[in-house]
Amino acid sequence: MAVDNKVVEQVAHLARVQISAESVPDYASDMSGVLELAAQMDQVDTSSVEPMAHPTHAVQRLRDDVVDEVNQRDAFQAIAPSVENGYYLVPPVIE
Amino acid sequence: MQWETVIGLEIHAQLATRSKIFSASSTQYGAEPNTQASAVDLGMPGVLPVLNREAVHMAIKFALATDAEIGRHNVFARKNYFYPDLPKGYQISQMSLPIVGTGTVTVELDDGEIKEVGLTRAHLEEDAGKSVHEEFHDATGVDLNRAGTPLLEIVSEPDMRSAKEAVAYARKIHSLVRYIEICDGNMQEGSFRCDANVSIRPAGQEELGTRSEIKNVNSFRFLERAINFEVDRQIDILEGGGEVVQETRLYDADKDETRSMRSKEEANDYRYFPDPDLLPVHIEEELIESLRSAMPELPDARRKRFIADFDLSEYDAGVMTADRRTADYFETVLDKSGASAKLACSWISGELFSRLNKDSLELGDSPVDAERFSALVARIHDNTISGKIGKDILDKMWSGNDDVDAIIDKEGLRQISDTSEIEKMIDDVIAANPDQLAQYRSGKDKLLAYFVGQVMKASRGKANPGQLNKLLQEKLKE
Amino acid sequence: MHKLTLAAMQRSLESGEFSSVELCQHLIERTKQHNETLNAFVSITEEQALSEAKAADEKRAAGDTLGSLHGLPIAHKDIFCTDGVRTSCGSKMLENFVPPYNATVVEKLKSAGAISLGKTNMDEFAMGSSNENSFFGVVRNPWDTERVPGGSSGGSAAAVAGRLVPACTGTDTGGSIRQPAAFCGITGIKPTYGRVSRYGMIAFASSLDQGGPLAATAEDCALLLNEMAGFDPRDSTSIDRANDDYMATLHQPVKGMKIGLPKQYFEAGLDDSIAALLQQAIKELEKLGAEFVDIELKNQHLAVPAYYIVAPAECSSNLARFDGVRYGHRCEDPKDLEDLYKRSRAEGFGREVKRRILVGTYALSAGYYDAFYVKAQKIRSLISQDFSQAFADVDFILGPTTPSPAFKIGEKTSDPVAMYLNDIYTIPANLAGLPGISVPCGDVGGLPVGLQLVGNYFDEARLLNVAHQYQTVTDWHTRIPG
Ligand SMILES: [Mg+2]
Ligand SMILES: [Zn+2]
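Respectively, the protein sequence lines represent chains W, S and P.
Counting in my numbering, the first sequence runs from 1 upward without gaps.
Counting in my numbering, the second sequence runs from 1 upward without gaps.
Counting in my numbering, the third sequence runs from 1 upward without gaps.
Chain W extracted, bound-state conformation (with noise of 0.2 Å):
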């Protein structure tokens, strides 16, 4: 289950996570040997058995139709890195 670079670049892509060339094959040789451990999973068939997503069995619980938040964007935006007149701004997005 070795992974090479390319794989470790389309991912890291996917992620949106820039790795510099030089620690491209680090990565892909950690994920090979994280990748090699996983497949110990493949010693057991699995095909009769059901995915388990949640530990609990619990069913999802409904909120009431309530508005109670409060405007709260100056305590927001104080935080924010960048913003102008309420808006979270970006580098300019061409559609």
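Just so you know, these hints were derived from the structure itself, not from any lab.
Hints are supplied without guarantee of correctness; some may be wrong.
To be verified - Below are the DSS-like pairs computed for lysine-lysine, each with C-alpha atoms no more than 27 Å apart in a straight line:
#1 Lys79(S) with Lys6(W)
#2 Lys424(S) with Lys475(S)
#3 Lys335(P) with Lys130(S)
#4 Lys335(P) with Lys6(W)
For chain W, the structure is supplied; the task is to place chains S and P with the ligands on it using the hints.
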């Protein structure tokens, strides 16, 4: 080569809940940027989603209205991608186990043909925020007020064969969601948005052609144009020996064309997986039954009833059931005024609608509600006033608070139906117009209208027109 | 004063032996003095703590009580959001993040009268077993400052072991309460998944994360858990179930309780001296009347492989919100949107976090989803079934908390997989959502060793009961590093 067009629609209907799907922020349209974005909507660290009961109920109502399967065990999944209007880096949506499964929608086309369109599924999801590009120099602004607004994404089978069919289907869904009051249908505000998957194939071929997905269509008129443009574009490509690329295209209403949306085009891998912050939603039979028993009569059934019970024409029944408010209004007027369905219908579709149109008002905002309007129609029906005076009175009711009877009394507009009183006015008019009388008697029948007008004028419009006509004809013959 | 347990401090405050201000002041001074070496705290909220302590003393003088933790000092792992107090999660990404809201746990402890002295260091985003992955530097084990305190709640464990504070909050995704508790010679309990609210607790792996207390004794853990536990309407995975009174049942007899010893926990890989200490503990419990039976947890060996797919998969999605747009680190002069994302995240996250994001992204991506993510969820089912079967026969399962005592700083940093195998005994309870407690049961060459008891769902009260009974006949939990 004969080409066949294949269209499937994905409609995003914004659900008319008060609060968002996973937070208690308001969904009200038009607030100042980011003033309706709570910690949950902003995707702040550590905060968690809790599902709005009403959104679930609305999705079930949609399933009931389209005879669709209900996902008794449905699951929320995360759709992972990065975009500034998507605060958590994922959209909470539904993937393999949606709340609404397959169903059918019956669509009536312009030529009267009935078409069945299959529903693939409908699922609950949260809306994203909005990006603003014009207001900032060298930056894009992000407003997350809309983030977390509940959407029902309604996906059809590729069952439509022309832009007209696609529009008829979209209109049907539009009317349905408003009818069952799960969406306000406001396309300008983005409460009802259509994406169209369009492909063409040689007539007779089974296999589907490569499709493109048209986004950003905010009116039915544009939907029709965008599809037609896209079909022509694909025919040109194929007939020129080229190949259609599967891509997302944006409709530009100003240029009336679609263009490729390259920014969203890179191969996406959304890495859907069940959202660990939300548990499976279980829908019990009791809930379905209680929602079913509270369902309003649906437009198709109501139209048929209006035709059968009230003897309305196919056309009038269609107009009176176009949306639930109109149909309710009509039934109230019918009930309270005691008038015939035809009279009630013509006053609603004529006088009421033209005034609403002129003032750009929705029926719900009409200055004259169904109760007051019923009283007016009742007075026309029982001959207290003529239709003409009814129109003047409606104008006064429109701008003031007086009811029909108050206006009639105040202005003395009660219709004159007393035979001797009308005869007296007729005698006076005949006496004052000897020349016209002579001409009429020598065969100029058209002058009858002149006499009617004169008597009407003398009565200040109050003479009962039916009676006046009958009496006048008798007198002129004498 | 600092040597007292939380329960003893409570009695002293009540009897007026010392005031809350005196107690807090003393501990803050101690913390300032020792934190230079231990690096257990990332923030000390002195001013706020002393003003709250003063208010608590005044209330007490007026005859009012704030709640069961009236005037008692604690500290929060820096993963819990604290209104107005920087919450960094051990990351450069949140170096300057001051949330305008409290986590439910913080809110609950505050309203019970507890006073937070500050925020404790941790592995970045709770990813680690040694506390070497903090942006704020490695935390040192008070028993041997060349060694790690365990992780990810290493700051909390070191703070309690060093008697800087009597009790702390922690979180446990794969052993992050129990393993540092074992390494530092204290007691820590991971409750049943859903017992303690996750609201405002920065998510690592949502289906595994669970908050809980770390303290010197089981009794102190019970005191704290009594206030931490409970239904929270803001957390969909929180269980709507009446609270138990964990203090009320501490003194019940252990006699007749049946404890399972999984064959797989005592096999190769376990340090011999730890195995010997466990045998001693088993004897003590037998003397108290517990019965032991051998059991099987046959898929135990697949817990670590499954965990290192499930946890990274969830983390890759949970950490997507840290994009440099609304809060947190943003790179300088991004040239476009993609650059903003990629550099902000590359600069804001440390190596281990990036490693797990990449693994998780890979495991969820097209073509690998079934082979990795779904497969791991199925293994999770099997592990959970193994436990259900075991709990049909026994009340608890006993084993080691860790395969070895605290290792040296730097010893395992070069091999992530070797590091991951440290959690081999703690991870199964997280996958199944079961409660587990680690209790000190001896030392190896001056380094503390912990034993772990895993209970059935919502059996925290009995776990604390057995642990407390064990602590009435042993004194490992009373030892304090020199
Ligand atoms: Mg969707
Ligand atoms: Zn959608």
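Comparing the hints with the structure gives:
1. Lys79(S) with Lys6(W): holds, 24 Å
2. Lys424(S) with Lys475(S): Between lysine 424(S) and lysine 475(S) the Cα gap is close to 11 Å, so the pair holds against 27 Å.
3. Lys335(P) with Lys130(S): holds, 22 Å
4. Lys335(P) with Lys6(W): holds, 24 Å
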